[in-house]
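Single-letter residue listing:
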Amino acid sequence: MSAPTSNAGHDEWLDALADGDGYALVCPDGHGSLPPRRVCPECGATALAEEPLAETGRVETYNVVHVAGPQFADDVPYVNAVADFGPVRLAGVLRGVEPALDAVSVGDRVAAGVEERATDGERLVAFRPAGGE
Amino acid sequence: MTDVRVAGVGLTHFGSHPERTGRDLFATAALRAFEDAGVPRGDVEELNYGNFMGALAEHQGHQAPLMAEAAGVNCPATRYEEACASAGVAVREAVRTVRAGEADVVVAGGMERMTNLPTDEVTEGLAIAADDLFEVRAGVTFPGAYALMAKAYFDAYGGERRDLAHVAAKNHANAVPNEYAQYRQEVSVEEALDAPPVAEPLHLYDACPITDGASALVIVSEEYAAEHDVDAPVAVTGTGQGTDRMALADREHLARTPAADDAADTAYADAGVGPDDVDVAEVHDCFTIAEVFALESLEIADPGEGISAARDGVTTADGDTPVNLSGGLKAKGHPVGATGGSQIAELTRLLRGDHPNSDHVADAEVGVAHNAGGTVASAVVHVLEVAE
Numbered sequence: 085m086s087a088p089t090s091n092a093g094h095d096e097w098l099d100a101l102a103d104g105d106g107y108a109l110v111c112p113d114g115h116g117s118l119p120p121r122r123v124c125p126e127c128g129a130t131a132l133a134e135e136p137l138a139e140t141g142r143v144e145t146y147n148v149v150h151v152a153g154p155q156f157a158d159d160v161p162y163v164n165a166v167a168d169f170g171p172v173r174l175a176g177v178l179r180g181v182e183p184a185l186d187a188v189s190v191g192d193r194v195a196a197g198v199e200e201r202a203t204d205g206e207r208l209v210a211f212r213p214a215g216g217e
Numbered sequence: 087m088t089d090v091r092v093a094g095v096g097l098t099h100f101g102s103h104p105e106r107t108g109r110d111l112f113a114t115a116a117l118r119a120f121e122d123a124g125v126p127r128g129d130v131e132e133l134n135y136g137n138f139m140g141a142l143a144e145h146q147g148h149q150a151p152l153m154a155e156a157a158g159v160n161c162p163a164t165r166y167e168e169a170c171a172s173a174g175v176a177v178r179e180a181v182r183t184v185r186a187g188e189a190d191v192v193v194a195g196g197m198e199r200m201t202n203l204p205t206d207e208v209t210e211g212l213a214i215a216a217d218d219l220f221e222v223r224a225g226v227t228f229p230g231a232y233a234l235m236a237k238a239y240f241d242a243y244g245g246e247r248r249d250l251a252h253v254a255a256k257n258h259a260n261a262v263p264n265e266y267a268q269y270r271q272e273v274s275v276e277e278a279l280d281a282p283p284v285a286e287p288l289h290l291y292d293a294c295p296i297t298d299g300a301s302a303l304v305i306v307s308e309e310y311a312a313e314h315d316v317d318a319p320v321a322v323t324g325t326g327q328g329t330d331r332m333a334l335a336d337r338e339h340l341a342r343t344p345a346a347d348d349a350a351d352t353a354y355a356d357a358g359v360g361p362d363d364v365d366v367a368e369v370h371d372c373f374t375i376a377e378v379f380a381l382e383s384l385e386i387a388d389p390g391e392g393i394s395a396a397r398d399g400v401t402t403a404d405g406d407t408p409v410n411l412s413g414g415l416k417a418k419g420h421p422v423g424a425t426g427g428s429q430i431a432e433l434t435r436l437l438r439g440d441h442p443n444s445d446h447v448a449d450a451e452v453g454v455a456h457n458a459g460g461t462v463a464s465a466v467v468h469v470l471e472v473a474e
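So the protein lines, in turn, are chains A and B. 85 is the number of the first residue of the first sequence in the working numbering; add one for each residue after it. 87 is the number of the first residue of the second sequence in the working numbering; add one for each residue after it.
To be clear, the hints were calculated from the coordinates, so they are not data collected in a lab. Any given hint could be a false lead.
What the hints assert, rightly or not - Derived, one-sided and incomplete: chain A residues facing chain B with beta-carbon distance under 8 Å:
(1) A87
(2) L118
(3) P125
(4) G128
(5) A129
(6) T145
(7) N147
(8) H150
(9) D159
(10) Y162
To be verified - Simulated DEER-style distance windows between Cβ atoms:
(11) B:E338 with A:T89: 30 to 40 Å
(12) B:L279 with A:P161: 17 to 27 Å
(13) A:P161 with B:A242: 37 to 47 Å
(14) B:P389 with A:E126: 20 to 30 Å
(15) B:A355 with A:G93: 19 to 29 Å
(16) A:R212 with B:A242: 24 to 34 Å
(17) B:P104 with A:G215: 43 to 53 Å
As the list claims (entries may be wrong) - Over 12 Å on every C-beta distance to chain B, these chain A residues come out as not near it, computed from the model:
(18) G116
(19) Y146
(20) R212
Remember, it's a predicted structure, so these values are computed and weren't measured experimentally. The beta-carbon is built from N, C-alpha and C at its ideal position, and this holds for glycine as well.
Turn these sequences into a full structure, and let the hints steer you where they fit.
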């Protein structure tokens with residue numbers, strides 16, 4: 085099974101996130117979403133503007149993955165988290181913490197960037213602890 | 087609008103049958119459904135077939151005509167794919183087709199072949215029910231996604247792993263007498279707690295197994311049943327479906343499943359019943375926490391209360407509302423594309439009185455089936471009632 089190696093819209097978004105310029109698409113009513121996107125999924129607006137993500141995100145939930153597919157075989161165990169960055173939430177691998185449930189808390193602040201999967205070097209959204217609550 | 091009856095149900099054993107082809111599994115289920123229904127193959131006007139990962143597991147696309155010939159029917163045949171809710175939507179479309187008067191006899195069900203693949207490839211295959219760009223590539227696995235939801239639930243409402251272990255113990259106990267179930271042995275709460283982690287806070291016994299199997303139902307109009315003297319005492323009186331944002335991170339609430347709320351509301355209204363009328367339920371417990379979400383969406387439990395339902399004995403075999411008397415996905419097994427049909431088959435058997443666990447619900451009149459796709463980006467709910 086193979087996934088596409090190039091995804092217009094998403095690739096550029098990852099490039100921006102890697103450069104510290106991560107953004108969300110925001111409609112006139114303030115609904116955030118992620119590219120590629122032509123229509124706001126909440127209200128159908130087509131005027132979508134790029135707005136920067138918050139500097140840090142709040143961890144909303146997380147887990148510790150011990151069993152993964154072949155593409156993450158050498159990454160386990162790892163912490164996966166969903167964090168709120170203002171207009172949108174992101175899912176990513178939380179690095180720089182022990183892979184243990186009690187090493188992280190809901191409410192922790194994290195910064196988002198792009199790092200490589202240990203297994204095959206592919207890019208992935210990664211979080212790092214940013215300190216503070 | 088005509089009433090819809092379940093004329094017959096057919097299941098394969100749910101378990102590890104890595105050598106059996108998908109076509110053989112579905113043919114077995116269909117054969118049993120025809121035998122159970124007493125309806126001739128030639129009367130079948132449509133086949134609605136659910137399957138999720140056949141392209142990966144069997145290198146086989148375009149499965150509907152293959153399954154029509156395997157079942158020995160020659161009629162319009164369509165494959166439905168809605169991840170783990172594939173057969174649920176296949177049944178729903180059969181109900182709508184019969185109600186609309188477009189057909190009097192429709193076969194609905196599904197099949198999944200999984201154990202022929204190594205576990206890591208199944209894990210990857212299941213993961214594609216999530217958003218590839220923003221979840222799968224970010225390391226979200228299928229158990230991992232439910233672990234994220236479980237952690238969010240614990241944070242919002244409380245609860246602990248022990249509560250989930252009671253769900254596992256309950257469903258394993260229910261599977262013991264079920265001849266179709268993959269795991270027919272009891273699991274204690276302590277054994278569940280001691281199992282190795284898969285995606286914390288979920289451990290091995292919080293997860294359903296990897297399963298091969300098929301389900302088939304013969305769905306008929308009330309008029310057809312009457313005209314042909316077909317014994318079909320169970321009616322499908324309500325159907326509902328809901329959709330949510332694909333990625334978990336995009337959902338309004340990480341510890342609830344609004345798609346299933348919508349499906350339940352629609353199905354209850356369609357049937358003209360309410361949650362208080364439900365005597366028995368089969369719900370989508372792909373993970374123990376998923377049963378909790380299902381109970382709350384079906385309003386069998388209030389938000390934040392579903393977590394303790396098994397532990398408090400509300401949903402056990404002798405509780406007020408027995409849930410997953412089949413063993414559920416957890417212990418009966420979860421051949422993804424077959425599960426939605428299997429739930430209706432088990433509920434039908436429970437309501438007819440010919441299920442090994444029917445004695446627990448001897449007076450039951452109303453049953454509900456809850457089938458979810460992915461992390462409940464899609465959900466299907468059906469209401470079944472004893473009509474005669």
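A quick look at each hint next to the structure:
Because the closest C-beta pair between A87 (chain A) and chain B is about 6 Å apart, less than 8 Å, the hint holds. Against a cut-off of 8 Å between C-beta atoms, the interface hint on L118 (chain A) holds, since the closest Cβ of chain B lies about 6 Å away. Interface restraint check: P125 (chain A) against chain B, minimum CB-CB distance 7 Å, threshold 8 Å, status holds. Given the 8 Å rule on beta carbons, the hint for G128 (chain A) is violated: about 14 Å separates it from the nearest Cβ of chain B.
Among the interface hints, the one on A129 (chain A) is violated; its C-beta lies about 16 Å from the nearest C-beta in chain B, farther than the 8 Å criterion. Annotation: T145 (chain A) was flagged as interfacial toward chain B, and the flag holds, the nearest CB pair being 4 Å apart, inside 8 Å. Look at N147 (chain A): its Cβ gets to within about 4 Å of chain B, closer than 8 Å, so that hint holds up. For H150 (chain A), the suggested interface contact is upheld, since its CB lies about 5 Å from the closest CB of chain B, less than 8 Å.
At its closest, the beta carbon of D159 (chain A) sits 7 Å from a beta carbon of chain B; the interface hint therefore holds under the 8 Å criterion. Hint status for Y162 (chain A) relative to chain B: holds, with the closest Cβ pair at about 6 Å, below 8 Å. For the pair E338 (chain B) and T89 (chain A), the beta carbons lie near 33 Å from each other, so the given range of 30 to 40 Å is met. For the hinted restraint 17 to 27 Å between L279 (chain B) and P161 (chain A), the CB-CB distance of approximately 19 Å keeps it satisfied.
For the pair P161 (chain A) and A242 (chain B), the beta carbons lie near 25 Å from each other, so the given range of 37 to 47 Å is not met. A C-beta distance of roughly 23 Å is found between P389 (chain B) and E126 (chain A), which places it inside the suggested range of 20 to 30 Å. Checked against the hint of 19 to 29 Å, the pair A355 (chain B) and G93 (chain A) fails, with Cβ atoms roughly 40 Å apart. Between R212 (chain A) and A242 (chain B) the C-beta distance comes to about 26 Å, which sits within the given range of 24 to 34 Å.
Remark: the range hint 43 to 53 Å for P104 (chain B) to G215 (chain A) is upheld by a beta-carbon distance near 50 Å. The Cβ of G116 (chain A) sits about 9 Å from the closest Cβ of chain B, inside the 12 Å cut-off, so the non-interface label is violated. Interface exclusion of Y146 (chain A) from chain B breaks down, the closest Cβ pair being 6 Å apart, not more than 12 Å. At roughly 14 Å from the closest C-beta of chain B, the C-beta of R212 (chain A) stays outside 12 Å, upholding its exclusion from the interface.
Violated hints, in rising order: 4, 5, 13, 15, 18 and 19; the structure is consistent with all others.
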